[in-house]
Amino acid sequence: MFKFAFTDLNQFIYMEGHGIYVWSVFSIVIISLVLAFIFYNKQLKKIKRKHSNE
Amino acid sequence: MTDLLKIESFKLRKKLRAWLGPILIFLLIMISFPLTVELASDELKNVFYSILWLSSLLTVMVSLDSIFLEDFDDGTLEHYLILNNSLFSMILIKIFIYWLLIGIPISILGTFFSISTSGDFSSFYIAFPSMLISSYIFINLFALGNSLSLNKGSALGALITMPLLFPVLILLGKIVLNANFGFEISNLLLLMLGVLLIIIVIIPFIISFVVKTHLE
Amino acid sequence: MLKKLYHQFASPKTYVVLVDKIYPIIFYTSLITYVFALIWGLAFAPSDYMQGNSYRIIYMHVPASFLSESLYIAMAIAAAIFLIWKVKLAAYIIKAIAPIGALVAFLALVSGSIWGIPTWGTWWQWDARVTSTLILFIMYLGLISLHSSFTNYEKADKFISVLVLIGSVNIPIIKKSVDWWNTLHQPASITLTDKPSIDPSMLYPLFLSMLGFSGLIICLVILSSKVQIFNREGNKTWVKYHV
Chain H
1 MFKFAFTDLN QFIYMEGHGI YVWSVFSIVI ISLVLAFIFY NKQLKKIKRK HSNE
Chain D
1 MTDLLKIESF KLRKKLRAWL GPILIFLLIM ISFPLTVELA SDELKNVFYS ILWLSSLLTV
61 MVSLDSIFLE DFDDGTLEHY LILNNSLFSM ILIKIFIYWL LIGIPISILG TFFSISTSGD
121 FSSFYIAFPS MLISSYIFIN LFALGNSLSL NKGSALGALI TMPLLFPVLI LLGKIVLNAN
181 FGFEISNLLL LMLGVLLIII VIIPFIISFV VKTHLE
Chain Y
1 MLKKLYHQFA SPKTYVVLVD KIYPIIFYTS LITYVFALIW GLAFAPSDYM QGNSYRIIYM
61 HVPASFLSES LYIAMAIAAA IFLIWKVKLA AYIIKAIAPI GALVAFLALV SGSIWGIPTW
121 GTWWQWDARV TSTLILFIMY LGLISLHSSF TNYEKADKFI SVLVLIGSVN IPIIKKSVDW
181 WNTLHQPASI TLTDKPSIDP SMLYPLFLSM LGFSGLIICL VILSSKVQIF NREGNKTWVK
241 YHV
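One line per chain: the protein sequences are H, D and Y, in this order.
Position one of the first sequence corresponds to residue 1 (the working numbering), numbered consecutively onward.
Position one of the second sequence corresponds to residue 1 (the working numbering), numbered consecutively onward.
Position one of the third sequence corresponds to residue 1 (the working numbering), numbered consecutively onward.
Worth flagging that the hints you see were computed from the coordinates, not collected in a lab.
All figures in this text were calculated on a predicted structure; none of them were measured in a lab.
You can trust all of the hints, since none of them are fake.
Pairs of lysine to aspartate or glutamate, DMTMM-like flavour, derived with a Cα cap of 20 Å: (1) Y:Lys86 x D:Glu216; (2) H:Lys3 x Y:Asp199; (3) D:Lys174 x Y:Asp127.
With the hints as constraints, model all of the structure from the sequences given.
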């Protein structure tokens with residue numbers, strides 16, 4: 001079950017021409033998840049700062 | 001009850017733009033579509049019903065954009081709320097009057113258009129009942145959306161109401177599809193009527209809850 | 001007794017304390033699960049004999065489209081709780097979920113349309129499932145704009161709950177659209193009742209990626225609900241000790 005599905009790393013990135021679709025979806029999903037986490041953590045920090053100033 | 005009926009119909013009738021305007025808008029939309037497709041081509045026949053549903057939807061959207069606004073501003077809604085809680089029946093009747101004065105005329109006009117476009121009187125049985133029922137559903141749902149966005153502009157009301165209408169539009173599309181294939185459409189019409197009967201009772205109830213919240 | 005217990009549990013303070021405890025556990029397990037599932041799915045799962053390697057988008061697309069519906073259902077449940085029992089926490093959670101639901105629906109749309117290029121030959125298709133996901137996305141945006149147009153949050157909470165509940169009639173239609181219409185979109189790959197239509201070696205990473213993605217989104221909901229609670233209850237004393 002854990003056999004590498006490609007012959008080498010270049011094949012893995014190229015994916016028989018489908019790589020561009022797979023990797024663009026991958027990067028969009030990952031980037032938006034990371035950005036969402038950063039956004040909410042920043043908001044929480046802002047609230048924390050506001051309360052410690054009071 | 002009859003008093004309410006009289007008052008509400010008077011309120012709508014005395015403003016000519018509020019009930020004649022939407023009917024004329026419906027006419028204008030229906031007239032402007034043949035101008036954009038080549039006249040007397042089959043294309044118009046193919047897309048005619050979707051034009052019909054969409055123009056009735058747009059007409060209802062335009063006509064209901066301030067259905068509760070005036071009553072809210074001049075305190076009529078508050079009056080009915082205090083007056084032995086007759087808000088529910090007042091909203092029920094208000095919606096009914098809108099359907100009577102706008103929904104039924106555009107259904108008749110739309111049926112004329114559909115008969116003249118298809119050149120076949122049998123399209124009366126598709127267009128008339130489905131337009132009567134669907135316009136009543138549209139009016140109910142737009143009334144709900146506009147009660148939510150009461151004094152925040154009609155664009156917000158349209159934005160939150162339109163997604164709720166998609167099931168009805170899908171059903172209408174199914175009716176036309178079945179009619180084109182020569183299948184029975186009465187079961188779909190009855191389904192839509194059942195949905196309408198549920199909506200008629202539930203929506204005024206929800207709207208009165210929303211209006212109460214607005215007046216708090 | 002029961003009522004007291006339940007009021008205590010539903011108080012924002014208890015919620016924040018509880019959530020602070022479980023947040024790291026959920027976050028790290030689901031992060032590891034998601035990363036593991038993506039590596040497994042992208043590098044080790046066998047390629048599909050029909051779609052080639054482009055099917056690997058499934059490991060990002062299916063979790064997103066699954067969650068875009070589940071988040072709406074969660075909002076509908078919270079709306080019912082808020083309107084029936086007047087639990088304020090439920091209203092905060094509705095407000096917290098709405099933007100995240102919009103994000104997830106957007107991800108489902110984008111990943112689906114990119115997947116459409118190699119498989120359908122077009123990036124946009126007016127097919128039932130795509131259209132209904134777009135409707136879901138617009139519904140999330142409508143909820144956000146409805147809530148943000150009122151300065152009185154107490155009222156806005158009630159309105160948004162009413163709208164969420166009414167809008168939930170669209171959810172079964174979105175869920176069933178693939179079965180009811182004859183469209184390009186393939187039927188749902190995984191259902192609870194039937195045997196899955198795909199091979200186990202592709203299915204296990206898919207399950208894991210759904211679990212991991214759901215966990216990460218739950219973490220986002222926790223964070224954003226904390227933001228909501230602190231903003232709305234900011235003047236209460238307990239907030240000062242918990243931020």
